[in-house]
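Novice: When the count follows this note's numbering, it moves up by one through the sequence shown with no breaks and lands on 469 for the last residue.
Don't read these hints as lab results, they were simulated from the structure.
You may find that some hints are simply not true.
[As the list claims (entries may be wrong)] Computed list of lysine-lysine pairs in BS3-like fashion (alpha-carbon distance at most 25 Å, straight line):
{"hint": "1", "residue 1": "442", "residue 2": "360"}
{"hint": "2", "residue 1": "447", "residue 2": "217"}
{"hint": "3", "residue 1": "8", "residue 2": "291"}
{"hint": "4", "residue 1": "291", "residue 2": "446"}
{"hint": "5", "residue 1": "360", "residue 2": "217"}
{"hint": "6", "residue 1": "221", "residue 2": "442"}
{"hint": "7", "residue 1": "398", "residue 2": "449"}
{"hint": "8", "residue 1": "221", "residue 2": "8"}
[What the hints assert, rightly or not] Have a look at the derived ranges for each label pair, beta carbon to beta carbon:
{"hint": "9", "residue 1": "172", "residue 2": "284", "range": "31 to 39 Å"}
{"hint": "10", "residue 1": "224", "residue 2": "138", "range": "21 to 29 Å"}
{"hint": "11", "residue 1": "58", "residue 2": "394", "range": "40 to 48 Å"}
{"hint": "12", "residue 1": "58", "residue 2": "314", "range": "32 to 40 Å"}
{"hint": "13", "residue 1": "172", "residue 2": "414", "range": "28 to 36 Å"}
{"hint": "14", "residue 1": "390", "residue 2": "58", "range": "20 to 28 Å"}
{"hint": "15", "residue 1": "142", "residue 2": "176", "range": "45 to 53 Å"}
{"hint": "16", "residue 1": "284", "residue 2": "458", "range": "40 to 48 Å"}
{"hint": "17", "residue 1": "69", "residue 2": "261", "range": "52 to 60 Å"}
{"hint": "18", "residue 1": "223", "residue 2": "407", "range": "42 to 50 Å"}
Every residue, glycine too, gets a C-beta built ideally from N, C-alpha and C.
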Amino acid sequence: MANKEVRKRMAFASADIFGGGSFNIINFLYPGFLALTVGIDPYWIGVIMLVARFWDAFTDPLMGHISDRTKSKMGKRRIYLVFASPFILISMYFLFFPYGFSSLALRIIAVLLSYLVFTTVQTSVMIPYYSLSSEITGDYQKRASYNSYRLGFSIFSSILCVAVPGIIVGMFGDANIGYQVMSLSFGTLFALSVLFTGLYAREEIQTPVVETKLSFKSLSKPLSLRPFRQYLGMFLVLQMSMAIMSGLFFFYVDFYITKTQTSIGESTIVGLIAAALMFSMQIVALPIYLKIIEKKGKTFAYRTGAVLWIVTALFIFVIPQDVNPLILFALAAVMGLGISGPGLVPHTMYGDVVDAGQIKFKDRLDGQMSGFTNFINKIAQAIGLALVMFLIGAAGFKEKPLDSIDPVLSQPDSAMLMIKIIMALTPLIFMSIGIFISLKYKIDAKKQKEISDAIHDESSNHDELIATL
């Protein structure tokens with residue numbers, strides 16, 4: 001029985017190899033790929049990210065609505081993971097295709113269309129997958145355990161997707177070929193991981209089809225639930241902080257920490273090692289945060305990690321350029337310990353919030369809630385990346401010229417100062433908001449037990465319970 005439970009948890013967690021991996025490929029590699037390989041300046045990169053989010057504003061809630069109304073032998077969610085898996089490979093290939101049009105406008109259009117296709121495929125996978133996380137089990141502590149497996153797989157994938165793509169690209173004399181091989185390799189991995197979850201992660205909670213008509217009112221219904229708004233707030237600031245930090249990370253390492261080596265054309269693995277350490281420590285910290293959740297609650301675990309993240313990020317202000325890489329490695333490791341807490345907690349909260357929604361709405365709106373969640377996730381990535389691209393562009397960041405094949409070897413001091421300021425202050429600004437919201441969140445183990453009992457006892461006073469949340 002124990003082995004069967006472990007296999008089920010691994011099957012459930014498998015799809016977040018795509019979720020976590022694609023997040024980091026987009027945030028760590030994609031801006032640099034567009035600026036330094038395709039030759040698009042940071043301003044237009046920001047525009048592309050924002051346009052894609054307007055598209056998500058339509059597709060994410062729609063996908064949630066569709067999955068809530070789905071009836072199949074594989075349930076409401078897993079059927080979409082199975083169907084979408086081959087399209088992950090195709091969309092990944094075109095996402096990193098090195099478009100070589102002489103016209104900048106054509107390059108921008110091609111990149112935008114490729115990115116829209118990828119985000120649509122991502123939506124068709126992640127919306128049902130988020131919903132599956134609330135249906136995989138109804139137990140408060142088991143949800144934390146399932147989602148710790150999920151986050152562990154996600155972080156492991158993140159390590160691979162930070163370290164390995166650059167190695168693959170560097171194996172080829174022509175970076176254009178390298179990016180195509182890399183995208184096919186990871187596209188295959190992502191497709192298989194999603195397919196595995198779709199086939200084998202059977203949900204414990206079975207709910208009837210939600211019979212609501214498609215309208216803005218019905219799609220926005222979950223926002224009337226206070227715990228859902230609080231959950232979204234904590235998730236939003238987390239994702240925005242991670243997107244901003246990861247989007248600037250390799251620029252910071254290459255053009256500041258290893259400035260001298262980069263300026264003479266030497267490549268290093270300092271950034272890869274630092275990123276791998278940061279993600280590895282997130283995995284190491286998961287059992288610690290699970291124990292904190294068990295003893296002190298989910299919001300306490302969120303705040304503990306957020307404070308550690310804030311403090312370590314401020315040290316970016318005082319690190320000199322060309323510093324001994326060991327200093328960066330130590331900072332990255334401690335920062336990873338901090339990120340792990342707020343990285344885990346929102347995933348463990350989601351099922352509890354859906355339970356509360358079932359009491360309020362008399363329906364289990366997993367799909368609609370996951371639609372908003374995935375939309376918020378991608379909104380955070382896009383706004384974060386677009387904002388920093390605008391800022392570093394205004395500060396003088398140099399992209400690859402259209403008519404040049406030479407790599408960019410240095411950046412002006414003004415651009416590097418802007419990058420340092422953004423990276424040091426981002427956790428302080430956003431995670432402080434998350435800490436404040438967490439103090440208002442009321443669903444703990446005791447309250448979740450009351451919610452679970454109320455779901456099975458229709459005679460209980462649901463309105464009174466909702467009012468306490």
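Novice: A separate judgement is required for each hint: does it hold in the structure or not?
Specialist: Consistency of the hints with the structure:
About 16 Å separates the Cα atoms of residue 442 and residue 360, which keeps this hinted pair within 25 Å; it holds. The hinted pair formed by residue 447 and residue 217 fails the criterion: a straight-line CA distance of about 28 Å is larger than 25 Å. Using a Cα cut-off of 25 Å, the hinted pair residue 8 and residue 291 holds, with the two alpha carbons roughly 22 Å apart. Restraint check for residue 291 and residue 446: the C-alpha separation of about 17 Å stays at or below 25 Å, so the hint holds.
Distance restraint check for residue 360 and residue 217: the Cα-Cα separation of roughly 16 Å lies within the 25 Å cut-off, and the hinted pair is therefore satisfied. The hinted pair formed by residue 221 and residue 442 meets the criterion: a straight-line CA distance of about 20 Å does not exceed 25 Å. A threshold of 25 Å between alpha carbons decides the hint, and for residue 398 with residue 449 the separation of about 55 Å lies outside it, so the pair is violated. At roughly 32 Å between alpha-carbon atoms, residue 221 and residue 8 are farther apart than 25 Å, so this suggested pair is violated.
Hint check: residue 172 to residue 284, Cβ distance near 34 Å, so the stated range 31 to 39 Å holds. For residue 224 and residue 138, the Cβ-Cβ distance of about 23 Å falls inside the hinted range of 21 to 29 Å, so the restraint holds. Roughly 30 Å separates the CB atoms of residue 58 and residue 394, a value that falls outside the hinted 40 to 48 Å. Hint check: residue 58 to residue 314, Cβ distance near 39 Å, so the stated range 32 to 40 Å holds.
At about 34 Å, the CB distance of residue 172 to residue 414 agrees with the hint of 28 to 36 Å. Between residue 390 and residue 58 the C-beta distance comes to about 24 Å, which sits within the given range of 20 to 28 Å. Separated by about 47 Å at the C-beta atoms, residue 142 and residue 176 satisfy the suggested range of 45 to 53 Å. Look at residue 284 against residue 458: about 45 Å separates their beta carbons, and that is inside 40 to 48 Å.
As the Cβ distance of residue 69 to residue 261 is approximately 56 Å, the hint placing it in 52 to 60 Å holds. Checked against the hint of 42 to 50 Å, the pair residue 223 and residue 407 passes, with Cβ atoms roughly 46 Å apart.
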